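These are the residues of each chain, in order.
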Amino acid sequence: MNDKGEKPTPGFSFDELQNLLFPDISDEDDLMTVAEIVELMKKHMPQITSPMIDYRLGQALKAGKVERKRVRRIIGGQQRYAFGYRKVGGGKIVDDA
Amino acid sequence: MGSNAARFVLALGDLHSFHAVGLTPKDFQISTGLVLPLNFAQEYAYECWLDCLERLPERIDVLTLNGDLAEGQNLAQEARLLSEVDPTFQSRGVSHLLRPIVKRVPFHNLSENPFIIVGGEMYLRDDPDIERHIYMQQGSNYHTGRGAAIEERIGETLHARKGKDGHYVQPWRSSLFIDDVMFDIAHNQSVVSRYRSMPLDREIGFMLERIGRAWIKGLLPKRPKKIVIIRSHAHYGFRVLREENIIAISLPSWKQMDGFISRGKMVNRYVPENIGCVGFWIQGGEVEIVDDYLYPHPQPHWEVI
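If you're matching them up, the sequences are chains A and B in order. Using my numbering, read the first sequence as starting at 1 and increasing by one per residue. Using my numbering, read the second sequence as starting at 98 and increasing by one per residue.
Do not rely on the hints blindly, as some may be mistaken.
Stated by the list, open to error - Restricting the straight-line Cα-Cα distance to at most 30 Å, the calculated cross-link-like pairs of lysine-lysine (DSS-like) are:
1. B/K319 to B/K259
2. B/K261 to A/K4
3. B/K314 to B/K200
4. B/K200 to B/K261
5. B/K319 to A/K7
6. B/K200 to B/K259
7. B/K314 to B/K259
8. B/K259 to A/K7
9. B/K319 to B/K261
10. B/K259 to B/K322
11. B/K123 to A/K4
12. B/K322 to B/K261
To be verified - Ranges between beta-carbon positions, derived for each pair:
13. A/N19 to B/L207: 48 to 54 Å
14. A/G11 to B/D298: 52 to 58 Å
15. B/V288 to A/G11: 25 to 31 Å
16. B/K322 to A/S13: 43 to 49 Å
17. A/G11 to B/K314: 54 to 60 Å
18. A/T9 to B/R320: 24 to 30 Å
19. A/N19 to B/D298: 33 to 39 Å
20. A/N19 to B/P318: 21 to 27 Å
21. B/M295 to A/S13: 27 to 33 Å
Claimed, not checked - With the Cβ distance kept under 7 Å, some of the chain B side facing chain A (calculated, not the full set):
22. F137
23. A138
24. Y143
25. E144
26. D148
27. L150
28. Q353
29. Y392
30. P393
31. P395
32. Q396
33. P397
34. H398
These are computed hints drawn from the structure, not numbers from a lab. Owing to the predicted nature of the structure, the values given are computational and were not obtained by experimental measurement. Note that CB positions come from ideal geometry on N, CA and C, so glycine has one too.
Model the full structure from these sequences, guided by the hints.
This is the structure we're talking about:
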């Protein structure tokens, strides 16, 4: 409640809410690095977790915005293993990919 | 308290805490040791929650928690929409959120002072028999875990009323009398994308059947002047249907719409009007619905080319 007794209002649209969950990465024309993709995701969702990053990188892969090799290194990475999911490989997150 | 005094009942549910668009506590330390930063949707829900706390009365005679308080394991989406995976910390987070409300709820049938003073500070005694007028109904199994473990933990922390079976969380509270008003509260209801009044209409029909049968058998403890049916689960936003002396309510959720609901339940056809919770003033068998705790759900942006 503010000083006038008014209620809060969202300040964002339903479309932006949907984009919070499925960020639109197709705005970028150039091929993005993994670090850029992760940065973009963090902008949308500061507390993004490893499974979310995995999922969105899968989307990025389908959209042709990241190279398969780089995605694989993240999907098979330490954090995925730490969350108890199937360990695919032994890679690590590479910020400078 | 005499039966002529007005009593306030608060009904809330579907918090879906720690979902990416659920009501999530701020400045809360999660299981990784980090203080959770909120995204803009969580910030908005939390801002509304603080506003709601300011608007609620100082005394809440009965609090009913109608399920899906925490998001749970989000198994269908491999936890990718969770801000906290650990179920224990999810329970703690919900208790943390609810504590300012719970403090306003009176105790039930106390035989001795429930508080002790240690080092000048007042604490609630660690006694499982201390119960407040908090009534919990079980949310969906998907969210509450086996045996509603997440919500049971919350009930224990908040000193909710226990059932005869020793559980804090009951699947269906079908006949709770508050003065001369009978409440029938459950989490689940049918979910339909069109004719959204139909589930409430049907609940009224079933209620009439049940109460008629109880009346014929002489099982009713007293004749209710009003009947209030409360359901959740559907995330429709606040809906109310009245017929004769029966009021059927569909509670709004505190979670904003995510992909599962917009594409699964409502198949790109429906955006809720509001989030929040609903209160009731009860006096002399009359029920006044308080809808001051509703907040706008984000709506589509109309793009004109």
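How the hints compare with the structure:
For the suggested pair B/K319 and B/K259, the alpha carbons sit about 23 Å apart, so the restraint of at most 30 Å is met. Taking the CA atoms of B/K261 and A/K4, the gap is about 47 Å. The hint is violated against a cut of 30 Å. For the given pair, B/K314 sits about 40 Å from B/K200 by alpha-carbon distance, which is inconsistent with the 30 Å threshold. For the given pair, B/K200 sits about 24 Å from B/K261 by alpha-carbon distance, which is consistent with the 30 Å threshold.
Straight-line distance between C-alpha atoms of B/K319 and A/K7 comes to about 41 Å, which puts the hinted pair past the 30 Å bound. Under the criterion of a C-alpha separation no larger than 30 Å, the hint pairing B/K200 with B/K259 is consistent with the structure, at around 18 Å. Taken as a hint, the B/K314 and B/K259 pair is honoured in the structure, with Cα atoms around 28 Å apart against an allowance of 30 Å. A threshold of 30 Å between alpha carbons decides the hint, and for B/K259 with A/K7 the separation of about 35 Å lies outside it, so the pair is violated.
Distance hint between B/K319 and B/K261 is fulfilled; the C-alpha atoms sit about 22 Å from each other, no more than 30 Å. A distance of roughly 27 Å separates the Cα atoms of B/K259 and B/K322; the hinted pair therefore holds under the 30 Å criterion. At roughly 24 Å between alpha-carbon atoms, B/K123 and A/K4 fall within 30 Å of each other, so this suggested pair holds. Annotation: proposed proximity of B/K322 to B/K261 holds, straight-line Cα distance about 27 Å (limit 30 Å).
Checked against the hint of 48 to 54 Å, the C-beta distance between A/N19 and B/L207 comes to roughly 51 Å, which is consistent with it. One distance hint, 52 to 58 Å for the beta-carbon pair A/G11 and B/D298, is violated here, with the actual separation near 36 Å. Between B/V288 and A/G11 the C-beta distance comes to about 29 Å, which sits within the given range of 25 to 31 Å. Against the hinted window of 43 to 49 Å, the Cβ-Cβ separation of B/K322 and A/S13 comes to about 44 Å, which satisfies the hint.
Checked against the hint of 54 to 60 Å, the C-beta distance between A/G11 and B/K314 comes to roughly 55 Å, which is consistent with it. For the pair A/T9 and B/R320, the beta carbons lie near 44 Å from each other, so the given range of 24 to 30 Å is not met. Remark: the range hint 33 to 39 Å for A/N19 to B/D298 is upheld by a beta-carbon distance near 36 Å. At roughly 53 Å, the beta carbons of A/N19 and B/P318 sit outside the given window of 21 to 27 Å.
Between B/M295 and A/S13 the Cβ separation comes to about 30 Å, which falls inside the hinted range of 27 to 33 Å. For B/F137, the interface hint holds, since its Cβ comes within 7 Å of a Cβ in chain A; the closest pair sits about 6 Å apart. The beta carbon of B/A138 is positioned within 7 Å of a beta carbon in chain A (closest approach about 6 Å), and the interface hint is therefore held. Interface restraint check for B/Y143: the shortest CB-CB distance to chain A comes to about 10 Å, outside 7 Å, so the restraint is violated.
Taken as an interface hint, B/E144 checks out: its beta carbon lies about 4 Å from the nearest beta carbon of chain A, inside 7 Å. At its closest, the beta carbon of B/D148 sits 5 Å from a beta carbon of chain A; the interface hint therefore holds under the 7 Å criterion. Hint status for B/L150 relative to chain A: violated, with the closest Cβ pair at about 9 Å, above 7 Å. Nearest Cβ of chain A to the Cβ of B/Q353: about 6 Å, under the 7 Å cut. The hint holds.
Nearest Cβ of chain A to the Cβ of B/Y392: about 6 Å, under the 7 Å cut. The hint holds. For B/P393, the interface hint holds, the least distance from its beta-carbon to any beta-carbon of chain A being 6 Å, beneath 7 Å. Taking 7 Å as the C-beta cut-off, the interface hint given for B/P395 holds, the closest approach to chain A being about 4 Å. Given hint, B/Q396 at the interface with chain A, holds; its Cβ is 5 Å from that chain's nearest Cβ, closer than 7 Å.
At about 5 Å, the closest approach between the beta carbon of B/P397 and any beta carbon in chain A falls short of 7 Å, and the interface hint on this residue holds. Evaluation of the B/H398 hint against chain A yields a held restraint, the C-beta minimum of about 4 Å falling below 7 Å.
Consistency with the previously given hints fails for numbers 2, 3, 5, 8, 14, 18, 20, 24, 27, ordered from lowest to highest.
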